[in-house]
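Asks: The whole structure should be built from the sequences, with the hints applied where relevant.
Chain order of the listed sequences is H and P.
Its first residue numbered 1, the first sequence is counted upward by one per residue in the working numbering.
Its first residue numbered 291, the second sequence is counted upward by one per residue in the working numbering.
Don't read these hints as lab results, they were simulated from the structure.
Just so you know, these numbers come straight off a predicted model, no measurement behind them.
Careful: at least some of the hints might be erroneous.
With a straight-line cut-off of 35 Å between C-alpha atoms, the simulated DSBU-like cross-links for lysine-lysine are [stated by the list, open to error]:
id, chain 1, residue 1, chain 2, residue 2
1, P, K438, H, K55
2, P, K423, H, K105
3, H, K252, P, K475
4, P, K537, H, K248
5, H, K248, P, K489
6, P, K512, H, K248
7, P, K294, H, K252
8, P, K454, H, K248
9, P, K526, H, K105
10, H, K248, P, K475
11, P, K313, H, K252
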Amino acid sequence: MIIEYYDELYPKLLRSIDNPPTRLFVMGNPNILSETGIAVIGSRNNTQYGERMCKRFVKDLVDYNINIISGLAFGIDKIAHITALENLGKTIAVLPSGLNNIYPKQHNELAQKIIEHGGAIVSEYEENVKASSKSFLERNRIVAGLAIGTLVVEAGHRSGTSVTARLTTEQGKTTFCIPSSLENPKGITTNKLIQNGSKLVTKIDDILNSYPNIKFEKIHKKEQIENIPEELEDVYNVIEDIPQDINKIARKCGLSISEVSYKLMLLQLENLITELPGQRYIRNESGDYI
Amino acid sequence: MLAKRLITILPDLTMEEAMEITKIHSIAGELKRDGLIMNRPFRMPHHSVPINTIIGGGKIPKPGEISLAHNGVLFLDELAEYGRSTLEALREPLEEKEITINRLNGNYRFPCNFMLIASTNPCPCGYLGDEEKECKCTEQEIHKYLKKISGPLLDRIDIQIEVKRPKYEKIMSKNKNETSLDIRKRVNNARNIQVERYKKFGIYSNAQLNSRLMAQFCILDKRGEMLLEQAFIKLKLSVRAHERILKVARTIADLDGEKCINYKHIAEAIQYRSLDKFI
Ligand SMILES: [Zn+2]
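Replies: Structural data, given as structure tokens:
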């Protein structure tokens with residue numbers, strides 16, 4: 001559908017930026033464009049650290065009913081969209097191309113899932129327009145423009161992410177940055193942004209507290225999985241969303257490695273947990289996408 | 291070091307075994323003093339040593355490291371660093387428990403019934419899965435690296451587990467764990483169960499079971515049966531892994547003093563196939 005600048009559905013936040021698009025092309029749920037959202041952006045070549053942090057923050061944002069806005073690109077964008085979906089949140093992808101020309105095309109399926117799960121795909125370009133270096137930059141002002149603030153997860157030298165961060169500030173909003181190790185080449189821009197006045201965040205509260213006028217409420221999703229087999233409960237209960245290694249799990253449950261091992265295997269076969277390198281385990285979210 | 295500690299929990303040497311070990315070490319000129327060797331050997335040849343030193347050979351053939359490890363442990367640290375030909379050459383002795391070296395004046399046969407322990411990094415940089423340091427390898431690099439050690443050798447390895455870099459506090463802490471002596475007691479018990487169970491069949495351990503005997507002694511309960519099937523589909527385990535899992539499960543059941551293999555034993559045995567899950 002097409003939303004014109006003067007339409008009721010045209011998001012107010014976007015209307016108030018310096019150079020708003022005259023119209024928006026939208027697939028999916030147009031109402032969520034006016035809901036509270038945070039832009040989550042970062043490198044196309046993220047590190048594993050970036051992935052973990054992106055997942056951690058996006059999950060928390062979604063738990064507070066905040067929509068995730070990003071650009072459907074590889075790397076952090078993709079992780080942000082998927083994590084939002086996995087946690088039953090809503091997400092908006094702003095394209096640098098027309099809606100018939102989803103860019104990158106590898107993310108066609110992801111775009112479809114975003115729409116199916118109450119999200120939206122947005123573009124200011126006519127349906128068949130292809131992505132160009134100009135449109136990549138223009139798109140960033142919409143990503144920032146739809147959001148109440150921008151979270152930069154991880155960004156290397158000379159990345160487009162710094163453009164979006166600058167636009168966020170120009171729009172009078174807050175840019176949040178997750179700090180990186182000085183040895184992380186993908187942390188150069190995030191650390192630099194912090195140095196130049198962006199807000200360093202270590203936990204979700206750092207973002208929420210920046211908006212004293214908005215009341216964020218944690219949504220209690222229904223218990224994810226109803227029937228954990230009783231004998232596996234002790235082990236399942238100590239496994240969290242952050243990877244835990246087998247020794248820690250055994251210690252917390254007071255079980256031998258041998259007992260924990262069989263329970264971990266059964267939990268994996270029940271699709272309740274996933275094993276990561278280093279004999280570490282995390283819970284699966286209900287309804288695993290992709 | 292973990293591998294070295296292993297010999298402290300292996301079953302006691304029988305007199306026969308001690309004689310075999312002593313004989314081989316004597317032929318190799320490695321006997322340091324008179325009398326029987328009463329400890330299981332632990333051999334750890336470096337990856338740079340020539341293949342003959344590991345497998346055995348020479349003009350007048352001498353036993354190699356694999357035979358010096360007979361009735362004990364052969365430890366290959368950094369498995370991926372060993373030459374392809376060395377790794378290939380290990381297949382036969384692992385299967386046959388002896389090695390034949392052909393010479394013009396006749397064939398030499400040396401026993402080599404060793405337990406193979408090998409270690410490898412999880413990826414070229416060594417930090418995959420590490421909590422404190424970031425792995426910088428790409429997925430292709432990791433795959434290529436693990437492929438190098440996989441294939442025929444991996445299928446012959448019963449247990450694959452990931453271990454973490456030990457932390458200093460852990461090394462220093464005097465947490466009460468089961469002592470080697472306690473473990474050895476349990477191992478001896480399990481071994482005695484096996485000796486007793488197989489005495490009519492000319493073997494003494496689960497590792498020696500052939501497929502006919504496995505059908506007789508590795509019977510699963512209904513749930514174990516289902517579990518194993520489920521695991522094969524979900525974890526895409528190889529057919530050859532099947533036999534390994536059953537034997538390991540049989541051993542876990544013996545350590546538990548259980549007559550039948552139940553689903554818990556099977557689940558634990560599958561859990562010990564880490565590499566299969568990632569390759
Ligand atoms: Zn690595």
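Asks: It remains to establish, for every hint, whether it holds in the given structure.
Replies: Evaluation of the provided hints:
no., hint, in the structure
1, P/K438 / H/K55, "holds (33 Å)"
2, P/K423 / H/K105, "holds (34 Å)"
3, H/K252 / P/K475, "holds (27 Å)"
4, P/K537 / H/K248, "holds (28 Å)"
5, H/K248 / P/K489, "violated (42 Å)"
6, P/K512 / H/K248, "holds (32 Å)"
7, P/K294 / H/K252, "holds (29 Å)"
8, P/K454 / H/K248, "holds (12 Å)"
9, P/K526 / H/K105, "holds (30 Å)"
10, H/K248 / P/K475, "holds (27 Å)"
11, P/K313 / H/K252, "violated (49 Å)"
Taken one by one, the earlier hints fail for this structure at numbers 5 and 11, listed in ascending order.
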